[in-house]
Amino acid sequence: MFTDASILFQIAGIGIIVALIHTILKQMGKEEIAQFATLIGFIIVLVLVINGLSDLFNQIKSVFLF
Amino acid sequence: MDILQIVLVGIIASILYIVLKDINSSMAFFLIIVTGIIIFLSIIEQVAIIFNLIETLGRNANVSGLYMETILKIIGIAYIAELGASLTKEAGLSAVAKNIELAGKIFIILLAVPIITAVIEAIISFLPT
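The listed protein sequences correspond, in order, to chains A and B. Counting from 1, position 24 in the first sequence corresponds to residue 24 in full-length UniProt numbering; the numbering is continuous, with no gaps. Counting from 1, position 126 in the second sequence corresponds to residue 126 in full-length UniProt numbering; the numbering is continuous, with no gaps.
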């Protein structure tokens, strides 16, 4: 999953879209929904990063005989 | 994944970081973590190749397996401590980064204890008593 740089663009895209949604919702006056949207975007990227970290640590465990 | 791709990933990540820093700073830090993961994943195969070479050389020179394994573990601990320390330092938590480095050093010393005792016993056995 982490062999090329496409994941970087995905994360940047999600970050920008979430920020846009947040500002748009804030202009529309729906504060709490804007907070939820930002939180959901954050969680999506968090899951992505945690999958990457678990791949890395599994590989490290296998190589370094932990 | 040779050095060109790694440098390219680094440059792309820095550009995206600058773009993302003002818009959404938490995503920018995720970007840094993912870049670290990509680079570390790409060099871990090369490290494995180097280790196989070291192990075969060690076996030819019939160095006992314990030392080889300890060396491997020490390098692994340094590898992970470096990753953790650099990421936390990047996030601005330099104190936590120093703590991680200190913990890494202590674990390395902990691993070196049996080797140190073996060396000291060997030296003592040479001394004419």
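It should be emphasised that the hints constitute simulated quantities derived from the structure, not laboratory data. Keep in mind that a hint or two might mislead.
Said to hold, decoys possible - Pairs of lysine-lysine, BS3-like flavour, derived with a Cα cap of 30 Å:
| hint | chain 1 | residue 1 | chain 2 | residue 2 |
| --- | --- | --- | --- | --- |
| 1 | A | Lys30 | B | Lys98 |
| 2 | A | Lys30 | B | Lys21 |
| 3 | B | Lys89 | A | Lys61 |
| 4 | B | Lys98 | A | Lys61 |
| 5 | B | Lys21 | B | Lys89 |
| 6 | B | Lys105 | B | Lys89 |
| 7 | B | Lys89 | B | Lys73 |
| 8 | B | Lys98 | B | Lys73 |
| 9 | B | Lys98 | B | Lys21 |
| 10 | B | Lys105 | B | Lys73 |
| 11 | A | Lys26 | B | Lys21 |
| 12 | A | Lys26 | B | Lys89 |
To be verified - Counterexamples of contact, computed for chain B against chain A with all Cβ distances above 10 Å:
| hint | residue |
| --- | --- |
| 13 | Leu4 |
| 14 | Glu69 |
| 15 | Pro128 |
Idealized CB from N, CA, C, for every residue including glycine.
Please list, smallest to largest, the hint numbers that this structure does not respect. 1, 12, 14
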